[in-house]
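Number of protein chains: 6
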Amino acid sequence: MFAHNKRLQYTVRVTESNPGLANLLLEQFGGPQGELAAACRYFTQALSEDDPGRKDMLMDIATEELSHLEVIGHLVAMLNKGAKGPLAEGIDSEAEMYRKINGAGNDSHTTQVLYGAGTPLINSAGVPWTAAYIDTIGEPTADLRSNIAAEARAKIVYERLINCTDDPGVKEALTFLMTREVAHQKSFEKALYSIEPNFPPGKLPGDPRFASVYFNMSQGEGDMRGSWNQGEQWMFVSDRNEQSAVDGGDGLASVQLKPEEMTALDMLAKRTQSNPTLDPPTGAELGAAPGTDQGKSLKGKTITP
Amino acid sequence: MFAHNKRLQYTVRVTESNPGLANLLLEQFGGPQGELAAACRYFTQALSEDDPGRKDMLMDIATEELSHLEVIGHLVAMLNKGAKGPLAEGIDSEAEMYRKINGAGNDSHTTQVLYGAGTPLINSAGVPWTAAYIDTIGEPTADLRSNIAAEARAKIVYERLINCTDDPGVKEALTFLMTREVAHQKSFEKALYSIEPNFPPGKLPGDPRFASVYFNMSQGEGDMRGSWNQGEQWMFVSDRNEQSAVDGGDGLASVQLKPEEMTALDMLAKRTQSNPTLDPPTGAELGAAPGTDQGKSLKGKTITP
Amino acid sequence: MFAHNKRLQYTVRVTESNPGLANLLLEQFGGPQGELAAACRYFTQALSEDDPGRKDMLMDIATEELSHLEVIGHLVAMLNKGAKGPLAEGIDSEAEMYRKINGAGNDSHTTQVLYGAGTPLINSAGVPWTAAYIDTIGEPTADLRSNIAAEARAKIVYERLINCTDDPGVKEALTFLMTREVAHQKSFEKALYSIEPNFPPGKLPGDPRFASVYFNMSQGEGDMRGSWNQGEQWMFVSDRNEQSAVDGGDGLASVQLKPEEMTALDMLAKRTQSNPTLDPPTGAELGAAPGTDQGKSLKGKTITP
Amino acid sequence: MFAHNKRLQYTVRVTESNPGLANLLLEQFGGPQGELAAACRYFTQALSEDDPGRKDMLMDIATEELSHLEVIGHLVAMLNKGAKGPLAEGIDSEAEMYRKINGAGNDSHTTQVLYGAGTPLINSAGVPWTAAYIDTIGEPTADLRSNIAAEARAKIVYERLINCTDDPGVKEALTFLMTREVAHQKSFEKALYSIEPNFPPGKLPGDPRFASVYFNMSQGEGDMRGSWNQGEQWMFVSDRNEQSAVDGGDGLASVQLKPEEMTALDMLAKRTQSNPTLDPPTGAELGAAPGTDQGKSLKGKTITP
Amino acid sequence: MFAHNKRLQYTVRVTESNPGLANLLLEQFGGPQGELAAACRYFTQALSEDDPGRKDMLMDIATEELSHLEVIGHLVAMLNKGAKGPLAEGIDSEAEMYRKINGAGNDSHTTQVLYGAGTPLINSAGVPWTAAYIDTIGEPTADLRSNIAAEARAKIVYERLINCTDDPGVKEALTFLMTREVAHQKSFEKALYSIEPNFPPGKLPGDPRFASVYFNMSQGEGDMRGSWNQGEQWMFVSDRNEQSAVDGGDGLASVQLKPEEMTALDMLAKRTQSNPTLDPPTGAELGAAPGTDQGKSLKGKTITP
Amino acid sequence: MFAHNKRLQYTVRVTESNPGLANLLLEQFGGPQGELAAACRYFTQALSEDDPGRKDMLMDIATEELSHLEVIGHLVAMLNKGAKGPLAEGIDSEAEMYRKINGAGNDSHTTQVLYGAGTPLINSAGVPWTAAYIDTIGEPTADLRSNIAAEARAKIVYERLINCTDDPGVKEALTFLMTREVAHQKSFEKALYSIEPNFPPGKLPGDPRFASVYFNMSQGEGDMRGSWNQGEQWMFVSDRNEQSAVDGGDGLASVQLKPEEMTALDMLAKRTQSNPTLDPPTGAELGAAPGTDQGKSLKGKTITP
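Chains as they are written, first to last, in the UniProt record's numbering: chain A, 1 to 305; chain B, 1 to 305; chain C, 1 to 305; chain D, 1 to 305; chain E, 1 to 305; chain F, 1 to 305.
You may find that some hints are simply not true.
For identical chains, the list gives no copy identity; a pair is met inside one copy or between any two copies.
In silico lysine-lysine, DSS-like type, Cα no more than 27 Å apart, as pairs [unchecked claim]:
1. K203 - K6
2. K6 - K171
3. K270 - K258
4. K270 - K100
5. K100 - K6
Since the hints were made in silico from the structure, they are not lab data.
None of these values were measured; they are calculated from a predicted model.
The shape of chain A in the complex, shown without the other chains (with noise of 0.2 Å):
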């Protein structure tokens, strides 16, 4: 069960309003990096874990991940609280309106009008959060590695979300928030790691022919070799020959099917064949100008469908 202290887990001091760093900082309440992408993805994965010391771990980060979405939450409440009674009690002339919610440096429009000035979970662009970004698939193998790359890119956002305001509290909780984000990172690759092993993540063993190959597909001026296709381990493969049909194959691909399939198959094929034979007349071509090289094809042919 979830409970709620109206403290936050850290201070909220604004110095003025602006609701254009507010739409900003939207990237970190409702954007993909943000910190419902974060509490919702550790969330879904406590409730389904039974290992007890994931679970419990996953649901401690869930939580604070939760405080933090009300941390960034109440910054962004704080920029656009200036903004909030102008355009709903009218104050404002309509044109001094317009400026201001449309004006350089405040591309603040949409929550605005839609949103009230309020605290929407989009993020900067207007775009709804989706859980299309959670990428949780129940194996922790690869959940913890998702987590943390999930802190990884989250510490990131944060880090030029600082380097865009230069007001110190906005700057002082946002380091606070991006601080965490490492140390989130840091408990999850110590769960991972318990993990013994970790790696080739799940159960099924790779195909020990592929499992060491590089295939050198991006050839041309610039093709480099580093610890990443060369070296002991590594079979480093660019003869396109040898790329394709790695089986051993003839490279197709084939089904066997039944009679009844083939007769349908080939009504289908026959009625909806593009005969290479024939050089037809097109709608382009009776669409182009005429004269032009496009429409010549057809000029002075006479059509008998």
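On the provided structure of chain A, position chains B, C, D, E and F as indicated by the hints.
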């Protein structure tokens, strides 16, 4: 520039049509952990990457993932091939057709009616692929971790698919695809760790007061300790009072408003106050059945709006 | 700040694994009327609310909805628990596994293959949760009505789920969750009606000429009158002429353009005019079977583009 | 059947082109609270409604909303009209064109480049309309409440738009549209309250133990009482112990598993255990800068995987 | 199999950084009419195509579109390149940074903060690419028409972009990409018209009673005739009575229900009837301001629920 | 303005309830090729169209498509009608209800539990309708082609649905709807070809060097020639060298950066370089099982971060 060779990277041999299995395999074609997601993730990173080694590797692997998209796509196409004709040509009785696309063990009706037994970019539930699945943010210490995690997830989904089919040709091709995810994960690990240092990701240091704290947010029977929250590096905080307002402030959110912002806000507050001293009759009470609890506070009242 | 207690708000006791039922219950976990939607709706309202009573109530109920999300999530997790192992560990035969996840009465294949029999934030059709479900707009006389409606909808979906299961533990927990929606609706009604006045919502008065008119737009057998369109307060308008251009104008749309805008528009109009005096041969006619109706206007014509 | 009359329901007279304002007005065309959402909400309810009075009313109002969609669409079209030509015909210099569509006070670049200064079904942020906005669930005591709330929201968004423009023709048409939302809300209220009883919605009674409880989930300075949680009808519960496991059970989640399910689960648990007795070196430590805190637990360790 | 050559299909030479222009160009990278959509459309068609000529052509063009995706992607990457460093490295002052990403003429804040000045698969409004843009349905007489239309649309969006930039290198590369859409359209036209017949698409004949009727559904001043509704082949129907129930039936919808279905429906109808003979007090009336019109039907009434 | 007549355009007579078939029919109600998409496509074009003939035609057909949406919606409603009561009124046993909505041949559980056996704007997979389906871009030579293609697609989906049902009333109504798509396609073809010229679409000429080139990008066994790439008008390019850098440049991407941009980029590059001369121990190696290949490069190494 991309070039295409008609030979697949791995030969596809399917034993018989099976639209239900085709539908499951869509997870790795148009699903969140599938090959389009992989190809797009690495391709977009490659485009804006300036590090020559990483750029080359990303384009190598992106190109291979496109080739995998082609392999998994041909598996789907072959499994659906027997189903393409009958619906298009109308050669089954309607009842038979209905049974075929809606039968037990075969959730392929959407694929067939909407997509003509083709290879749509949807997952096995019919949800269209979305770039919201892509978590690239343009910082290699984060993106490489995202790639590592993505390969781990894809490996697992292939593993599950392999566990759901006994068609040997399908199993073999899926095993190849699964194995390559392992190889790619190894390359991304190498590329990540040849950035020194790579942790914490990004540039800004965290606030040392909070970088090694573990907040025990979820409490009760089942609390556990492990390397993720215990040991020399962790400060473990269970006291609820020390979990909130950790900056030492009052844990409240505040902003300094201009007088005219304040005035507008006051007007808004006054107009929309939910007066706590009032016990108003409500719509619920109006709508409750006579004599029920819900209605009683309204009973016999005279309304004088 | 949120805190978490490992005891659920309501004890979850499930009789046996049932992934098909788990899939249905996802409606109230990651579906549009589910608990995440409820929690997010009230939480976002609470964050930017300035009225102290309403803010407190919204956070109380948001927190409870999070606790409900945990209860419904555990119901799903328990119903899926027996399914977690076999696919991950590959201990069933492949045919058996295929039958299990694709069988009649069990639309759980996506949940199992993609999400590992976990608790994904999707609805029962597999559609990821989206903040597009949240209708908060930051005006309490509207938002409270949205909350009232949302509680009514959630109550109904729980009712339907209860009608689909005879597992007594599931039924009991669902009944608790359903009941709480009723209680929350009552709170929101009280908060709405303690705003005086709360109708019409917002501040601007309507145009009195149109505020009490009912336009009978759908006509024919079956037209009915009732309190929604008849009685002292309504002006009922059936005459089609009085339904259009109700302002007394010409019912047309116009804008005053600058000369250079006019010029550009004229160029565009001229370039793209569909000339009504022309009966051109078309692509459809080119493509029609010889001798059919569709082709006849083209027959024998000489095309001179 | 629908018929169309070329006269609009309300005359649209726009003073001058203003693509920036057009963009804002898209909120009520293709936005979540806009006219397409309204029309679709009532139309879908009408189709499956069996109550003759309600069906008639729903179709009346759906038809009117379509007519409003046409009015707001024409407002957008007129405001964009002057912008249609220059980009299509390429008559401005490129720099001038760039400035026009990207200028301050005018976030119309997407509408112009992608949609040709037309009337796309997007909101003011460019997000395509989605039926996820529609909350119809097929139970009138819920749907009518949803309709009442939707009308209230639409009224407010119109109010905000009116506050952003001083074009008298735009203002007047928006006021008409706003006013009609008020009238529709009144009709829906009448239809709801002529269902007796209509509260609680649906058929199943709630559990009387929980229907009048208010859980004080958010605590701390700022706790308030009001009619929404105090008075004769409410039982107010603040004690955290009485808020969890309210059924009197242990507050845990359990399911009875079959032996073979248990076996598979044990295999999974063993394979993926995060061993709490281990303090493993991790990827974070590998990647940390030498001498930093993060790396210290790894320093000097010999790794023997 | 795909192979990659590091040389682009077209050389990209950009004069100077311009993140605002980069943002516009995203329309053809991750927008609905862009190159990813094109590549995916033709690639998915190629996979399940059995006609050898068409399959080859579709894969040729899909591969070229991928190469175009790479060209437009590099245009975006080069235009963003100067913006990559400052935000990541934090070398501008915060105020300068804020101004840079939020400035007039530059709607690039989302691209920069969320995507690190990279090449995300979004359009110029920030909306993630979705496979809902792909209209492939697996029938060539429809799909080829979809391809023709898609090429036409892409051609136009390129044209608009060309009209927005005076950077000669950008202009030249865009012109190449635009031109190739024209060439592709011609190929698709040829492939369509070498299917004989190709109109009407598919196999089932239409009902001859309705195949050549034009219903004049929109009436009033402005009605026009042209080859699309006049001439030998058209039957033009303006009489409203002849536009409905065109089958000669009653124009109603009916279904034969089983007795038990009827019974359940009657229960539902009774429970949820909106009683037309009742004028109930409503929530709107409860909430209206005293003395206003809206409240008057309730005034002085004694409520006895 | 729209007006509604209670008689449908085509009489709907359904033989018996069939929620599974209702679910399939949703493809043409709320699916991508369905009637809402059609109505919205033409309606939005009509609104911003200035050509009087085309505007009239577009509104005629948009209005008819709305009337078709009503017909297909009533088909769905009738097929679901028998299912509405039992779940709402709870008159079946729970096991019977579960079987009904989850049974073989009937994928209607989402429609029933979430939407109350109504007519939701989703497709047969449960995916909500989205305006991302609409491809209108505001240029008639493109939009009319999009309309032609859309009618062709809708015709085919109706054809498939007709092949799945033997209910004569359903078949008949579907055939009417299918036929009308053919008629609409003819009108759009006429309107397109009465624009002279209409190809290439738009205004800017293509670059003549590239307008008639066919790049043979996919090579290998199966290469074919046909009118789409052979004949007088085509230059066919198979040589891989002539397919890249076709402008004669170096095929590279470049941008001119300012010194300060260069500096920041250098800092970024240095900080995030993946050093190719290093073979670092990685997380994968840490996590690999002892003695396996994956772990060997780390074995026995002393880590000194």
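To see whether the hints hold, each was checked on the structure:
Proximity of K203 and K6 under a CA criterion of 27 Å is satisfied in neither setting, with 46 Å inside one chain copy and 31 Å between copies. With identical chains, the CA atoms of K6 and K171 are at most 27 Å apart within one copy only, with a shortest distance of 22 Å there and 34 Å across copies. For the identical chains of this complex, K270 and K258 are intra-copy neighbours only, at 18 Å inside a copy versus 45 Å across copies, given an alpha-carbon limit of 27 Å. Taking identical chains as interchangeable, the C-alpha atoms of K270 and K100 lie at most 27 Å apart only when they sit on different chains, with a minimum of 24 Å there against 64 Å within one chain.
Taking the shortest alpha-carbon separations for K100 and K6, neither the intra-copy value of 32 Å nor the inter-copy value of 37 Å comes in at or below 27 Å.
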